[in-house]
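**Q** According to this note's numbering, the sequence shown is numbered sequentially starting from 22.
In case anyone wonders, no lab produced these hints; they're calculated from the structure. Note that CB positions come from ideal geometry on N, CA and C, so glycine has one too. Do not rely on the hints blindly, as some may be mistaken.
[Claimed, not checked] Distance windows between CB atoms, simulated:
id: 1; residue 1: I61; residue 2: Y39; range: 27 to 33 Å
id: 2; residue 1: I27; residue 2: R56; range: 33 to 39 Å
id: 3; residue 1: V52; residue 2: G112; range: 25 to 31 Å
id: 4; residue 1: S60; residue 2: A34; range: 39 to 45 Å
id: 5; residue 1: R56; residue 2: V97; range: 20 to 26 Å
id: 6; residue 1: D115; residue 2: A54; range: 38 to 44 Å
id: 7; residue 1: S60; residue 2: F25; range: 28 to 34 Å
id: 8; residue 1: G100; residue 2: D59; range: 19 to 25 Å
id: 9; residue 1: E117; residue 2: N69; range: 18 to 24 Å
id: 10; residue 1: E31; residue 2: S89; range: 36 to 42 Å
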Amino acid sequence: MSHFPIEQFEGVATPFYYYDVALLRRTLDSVCAARPADSIVHYALKANSNPRLLRMIAHAGLGADCVSGGEIAIAVECGFEPRKIVYSGVGKTDDE
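Make a model of the complete structure from these sequences and hints.
**A** Below you can see the structure in the form of structure tokens.
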């Protein structure tokens, strides 16, 4: 278990987001090592659409699970391979 550096954030206005990118990298490594070679793991952009994190996830080779045209645009901008983008859900516009 890693130590959360709470003392580093004394005096910082809240709320704010803290992302442990080292932990994300380790998690992505574990996911990629565990998945069968003929499969694709998709990350749901609705969970978090922070571009820095999405670029890391795309770089690891994961796909993107998108539910809107806007999410597809963000996924492509952040480097997800279009063939690894899944688009589903309800309430789509004709343009989407």
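**Q** Given the hint of 20 to 26 Å, is the C-beta distance from R56 to V97 inside that range or not?
**A** holds, 22 Å
**Q** Is 28 to 34 Å respected by the C-beta to C-beta distance linking S60 and F25?
**A** Because 33 Å falls inside the window, the suggested range holds.
**Q** Quick check: does the Cβ-Cβ distance between D115 and A54 fall within 38 to 44 Å?
**A** holds, 42 Å
**Q** Just tell me: holds or violated, for the beta carbon distance of I27 and R56 against 33 to 39 Å?
**A** holds, 34 Å
**Q** Honestly, do E117 and N69 meet the 18 to 24 Å range at C-beta?
**A** The hinted range 18 to 24 Å holds for E117 and N69, with Cβ atoms some 21 Å apart.
**Q** For the pair G100 and D59, does the Cβ-Cβ distance stay inside 19 to 25 Å?
**A** At roughly 22 Å between Cβ atoms, D59 and G100 fall inside 19 to 25 Å, so the hint holds.
**Q** 25 to 31 Å was suggested as the range; check whether the CB atoms of V52 and G112 agree with it.
**A** Given range 25 to 31 Å: holds, Cβ gap about 29 Å.
**Q** Do the Cβ positions of I61 and Y39 conform to the proposed distance bound of 27 to 33 Å?
**A** holds, 29 Å
**Q** I want to verify a distance hint. Is the separation of the beta carbons of S60 and A34 within 39 to 45 Å?
**A** holds, 42 Å
**Q** Return holds or violated for the Cβ distance of E31 and S89 against the range 36 to 42 Å.
**A** holds, 38 Å
No hint from the list above goes unmet by this structure.
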